[in-house]
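Produce the entire structure from the sequences given, and follow the hints as far as they go.
Number of protein chains: 2
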Amino acid sequence: MTRGSGRPGAGRRDAILKVAARLFAERGYHAIGMAELGEATGLGRGTLYHYIKSKEDLLHDIAREYIADLVEAAERTLQDEAEPAARLRMLGRELIEKIASHQAELTVCFRELHSLSEPWRTEVLELHRRYEAAWRDTMQEGAEAGVFRPYDPIVLKGVLGMYFYSYLWLRAEDSRAPVAIADRLNDLAIRMLVPAIAASSAGSR
Amino acid sequence: MTRGSGRPGAGRRDAILKVAARLFAERGYHAIGMAELGEATGLGRGTLYHYIKSKEDLLHDIAREYIADLVEAAERTLQDEAEPAARLRMLGRELIEKIASHQAELTVCFRELHSLSEPWRTEVLELHRRYEAAWRDTMQEGAEAGVFRPYDPIVLKGVLGMYFYSYLWLRAEDSRAPVAIADRLNDLAIRMLVPAIAASSAGSR
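Chains as they are written, first to last, in numbering that gives the first Met the number 0: chain A, 0 to 204; chain B, 0 to 204.
If you're looking for bench data, these hints aren't it; they were derived computationally from the structure. A hint or two may mislead.
It does not matter which identical chain is meant; a pair holds if it fits inside one copy or across any two.
Only pairs whose alpha carbons sit at most 25 Å apart, straight line, appear in this in silico SDA-like list of lysine to any residue [stated by the list, open to error]:
1) Lys-17 / Glu-80
2) Lys-97 / Leu-112
3) Lys-52 / Arg-128
4) Lys-54 / Arg-148
5) Lys-17 / Val-146
6) Lys-52 / Glu-80
7) Lys-52 / Gly-27
8) Lys-52 / Glu-143
9) Lys-97 / Glu-122
10) Lys-17 / Asp-56
11) Lys-54 / Gly-41
12) Lys-52 / Gly-41
13) Lys-17 / His-59
14) Lys-54 / Gly-27
So, in structure tokens, the structure goes:
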């Protein structure tokens, strides 16, 4: 899914995106220039332009690729797993693992989406919309199956907010692995969705 | 709590902050200059400098005042309401009402905190820490009283994430009043916290 993967130089391009995301997250998109990016990547400004067209091109790829990956994974999960609660737990794991490995990218996207010109901004927003739809469909199917309460868009937003907010507090150096944190948040999401929590399952974890 | 309130010109200053927050939220802190702010406020650049020292001074006040207000309200609520679940619902209402009335300010704060110099950034982060502590204390007291499950910092982050994320989807023009949305989110927070949800109360709003 990564734009340019498979093309020669894709690995180099990915490495540039990673460095740029980290610098943009640490000090802000507007504070970082192409000369500094050339230095930080060890390529120099001239060679950098061999891989990317502009700073905004970088911003576009940073804001786009993590959510494009999430959409691809979520739409596959919707096909592979029919049971709504199990599917929701898979979506939760995919999301937290992506946030943990792409914290800088999420920080940049949340912060700088307004800095992207059209049609790029609309493209990224559309990917977010498709991603949210995967969760919505899961909740609606769960409601139809009687596994979840009737679908409520505020619950959808509450659940997504709970996961996405973790870009601010998840730490890669955290001793709790992302999967363990995802499982805890998944339990909370299920609590928000089920018609009732039995005393036996409520006390688990 | 508003810095400068009570001083002559405080109302004018508040109006300037409101306009600046809206412009920063719409187009980015870095995209807006003092000349444009002078025009948008109808004061002109010269008069604008009568009320504020610099653009960063504005950013500081925008990022600071809503969270300072929330801290003040939350610490008062901790004194006024002893019952943990009732107190949590009050905190939830205060938070959603503040987010609904200060959506531009939250957008600017989430986006531009890294643009604030020290000691201002630390001051704003410390206010967020104090605010989170009010929720944490409420959850811990609820756990000690047996009303909530044992305290879990991931539940704290999950609950706060659910509320804060609403700065991205709450709309002032929304037909659902902020109080009604707060009550729905409060129900979800209680679901995350209680030892078990009985079938009878689980279906209630």
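- Any of the earlier hints contradicted here, and which numbers? Hints 1, 3, 4, 5, 6 and 8 contradicted; others consistent.
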